[in-house]
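Visitor: This is what each chain is made of:
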Amino acid sequence: MQFIHTFFSLYKEGFANLKLGKTLWKIVLLKLLIMLVVFKFFFFNTTLHSHFLDDTARSNYVLDNLIKETP
Amino acid sequence: MNELASVDWSRAQFALTAIYHFLFVPLTLGLSFIIAIMETLYIKTGDAHWKKITQFWMSLFAINFAIGVATGLIMEFEFGTNWANYSWFVGDIFGAPLAIEGILAFFMESTFFAVMFFGWNKVSPKFHLLSTWLVAIGSNLSAFWILVANGWMQYPVGMHFNPATARNEMENFFDVALSPVAVIKFLHTVASGYVIGALFVVGISAWFLLKKKELLFAKRSMVVGATFGLITSLFLAFSGDESAYQVTQHQPAKLAAMEGLYKGESRAGLIAFGILNPNKKLGDNEPEFLGDIEIPYMLSLLGHRHVDAFVAGLEDLVYGNPLHNIPSASERIANGKIALQALSDFREAKKMGDAPKMRENEAILQTHMKDFGYGYFEKPEQIIPPIALSFYSFHIMVSLGMWFIALFALVLFYILKRDITRYPLVLYAALWSIPLGYIAAEAGWIVAEVGRQPWAIQDLMPTHIAATHLGGGNVALSFTLFAILFTVLLIAEIKIMLRQISKGFEGGH
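As you go down the protein sequences, you meet chains A and B in turn. Using this note's numbering, count along the first sequence one by one with no gaps and you end on 71. Using this note's numbering, count along the second sequence one by one with no gaps and you end on 509.
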């Protein structure tokens, strides 16, 4: 119990007393927002997993690409 | 956008992301250990100055970590969208190390990172020290798994290609994780991070000494940084030697490009310095260099551990050399086409439910699998990597590596045996060597990644086959946005760091 309390207060007081860390956290959160929202949704929104329903379809897509590219 | 342009933009985007990501990573790898050493000195001596020194460098470590964290995430997005053929083809071989890396990075680093920064007065000094060491070890372990994945691309082992799923399946985890290419890649890459960390500490300490500020703190930091730097830069040279040996064994075209070696030779010399002849073409009689300085026998020794050994040149690899049992690229292309045809026939047989035909074609495929990727080429000359970029990057990296050994030895001598503040040239050299560390590290990655072209996976998958264009977004536009985002992050890092450095060791962290 004591350990959990110490562990929790470590984070609580640590975040409450941030100085330089405040600026750094703002940068981290803004960066994550840009990456996970803007980039992920607008530029990297399609993967084999989102584009095809099952592994058979994914395999077929890649096999098509592997075979059709033969010169 | 045509197909070729799409591949090129995807490559440019990946290169940009990787280069920017690797501006942040090496300092984390190196500085974390230097901080741990400084804190150990604090615990051993009880001297409060060491605590302030540790906290100062820890604040700079935090800035670098915060700005750099998750920049590698974008590469994972790129794998999924721009390199989907590749991502599927590598299967769980790539997934397993990356998953281990993610779990390690998240749990180990984030837990002990909090203790390291928030726990100064909350946990015992020894537990705090343990946390600092665990952050350093955790960061380096994360790097290990990433480099295992990269090592497999350079030297694919421990797997079996399943033609029914188009995936490589892991047969032996230890063959993948402990492949000699992966292990030496890890050691060489983290060593470059240690040297960058040391250059950073020595360079910034030099700045304080030039400004005649914080002399005690700066001198102590410099002793730790230069000692760590000298040991790790020597190790960097040793691991670089072993890395070149592995390249010779498994990626001979890369080595030939790194050395501008067109015609293979026994007792081959190492080019210490050279200017490539831009008019040189494969198979002609033009000289390779406009001017060069060669160290006799060294390339044979480096590549095969024997001064008399034959080192294959680009012409041997393209046209073959029966005397030295080197097959021509044309033979390998023919093998690759057999493998590809077998894959196609296997698929047809599977559709027809013809089991004997499937087995027959799978056997043909596996027999020729080692040359599978060659089947995508039309001309043997296509197997040659970009020579000039590989050659100059390699020589810049090696020259700078030698300079770092000399610099650390020089700094250590002057700080221990002389009053270093009276030697501003040495201090300026240390200060201006900070960017050189990054240039050397990025040049090293260019050698590793450009030198292995045209392959995404050595001998199995060429880069243009690895690429896809699944996403709806424009790659050129996302490239531009990345460039802007990363440049803003870099400027932010430098500005925040300079502000923090100017506060000095007692400026509050």
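Hints listed in this document are in silico derivations from the structure and should not be mistaken for laboratory results. Careful: at least some of the hints might be erroneous.
[Said to hold, decoys possible] Taking lysine to aspartate or glutamate pairs in the EDC-like style, the calculated list, with each CA pair at most 20 Å apart, reads:
no., chain 1, residue 1, chain 2, residue 2
1, A, 68, B, 348
2, B, 122, A, 13
3, B, 44, A, 54
4, A, 68, B, 345
5, B, 350, A, 13
6, B, 212, B, 345
7, B, 337, A, 54
8, B, 370, B, 101
9, B, 211, B, 419
[To be verified] Simulated DEER-style distance windows between Cβ atoms:
no., chain 1, residue 1, chain 2, residue 2, range
10, A, 37, B, 354, 17 to 25 Å
11, A, 32, B, 111, 17 to 25 Å
12, A, 37, B, 296, 54 to 62 Å
13, B, 490, A, 37, 18 to 26 Å
14, B, 273, A, 60, 51 to 59 Å
[What the hints assert, rightly or not] Part of the chain B face toward chain A, derived, beta carbon under 7 Å:
no., residue
15, 72
16, 73
17, 80
18, 85
19, 119
20, 122
21, 165
22, 166
23, 245
24, 249
25, 252
26, 344
27, 479
28, 480
For clarity, every value in this text was computed on a predicted model and none was experimentally measured. Positions of the beta carbon are idealized from the N, C-alpha and C atoms, including for glycine.
Visitor: With reference to the structure, classify each hint as holding or not holding.
Guide: Now for the hints, and whether the structure bears them out:
{"no.": "1", "hint": "A/68 to B/348", "in the structure": "holds, 14 Å"}
{"no.": "2", "hint": "B/122 to A/13", "in the structure": "holds, 10 Å"}
{"no.": "3", "hint": "B/44 to A/54", "in the structure": "violated, 59 Å"}
{"no.": "4", "hint": "A/68 to B/345", "in the structure": "holds, 13 Å"}
{"no.": "5", "hint": "B/350 to A/13", "in the structure": "violated, 63 Å"}
{"no.": "6", "hint": "B/212 to B/345", "in the structure": "violated, 75 Å"}
{"no.": "7", "hint": "B/337 to A/54", "in the structure": "violated, 29 Å"}
{"no.": "8", "hint": "B/370 to B/101", "in the structure": "violated, 29 Å"}
{"no.": "9", "hint": "B/211 to B/419", "in the structure": "holds, 15 Å"}
{"no.": "10", "hint": "A/37 to B/354: 17 to 25 Å", "in the structure": "violated, 49 Å"}
{"no.": "11", "hint": "A/32 to B/111: 17 to 25 Å", "in the structure": "holds, 19 Å"}
{"no.": "12", "hint": "A/37 to B/296: 54 to 62 Å", "in the structure": "holds, 59 Å"}
{"no.": "13", "hint": "B/490 to A/37: 18 to 26 Å", "in the structure": "holds, 22 Å"}
{"no.": "14", "hint": "B/273 to A/60: 51 to 59 Å", "in the structure": "holds, 53 Å"}
{"no.": "15", "hint": "72", "in the structure": "violated, 10 Å"}
{"no.": "16", "hint": "73", "in the structure": "holds, 6 Å"}
{"no.": "17", "hint": "80", "in the structure": "holds, 4 Å"}
{"no.": "18", "hint": "85", "in the structure": "holds, 5 Å"}
{"no.": "19", "hint": "119", "in the structure": "holds, 6 Å"}
{"no.": "20", "hint": "122", "in the structure": "holds, 5 Å"}
{"no.": "21", "hint": "165", "in the structure": "holds, 5 Å"}
{"no.": "22", "hint": "166", "in the structure": "holds, 4 Å"}
{"no.": "23", "hint": "245", "in the structure": "violated, 33 Å"}
{"no.": "24", "hint": "249", "in the structure": "violated, 28 Å"}
{"no.": "25", "hint": "252", "in the structure": "violated, 24 Å"}
{"no.": "26", "hint": "344", "in the structure": "holds, 5 Å"}
{"no.": "27", "hint": "479", "in the structure": "violated, 10 Å"}
{"no.": "28", "hint": "480", "in the structure": "violated, 11 Å"}
In summary, the structure is inconsistent with hints 3, 5, 6, 7, 8, 10, 15, 23, 24, 25, 27 and 28 from the numbered list given earlier, while agreeing with the others.
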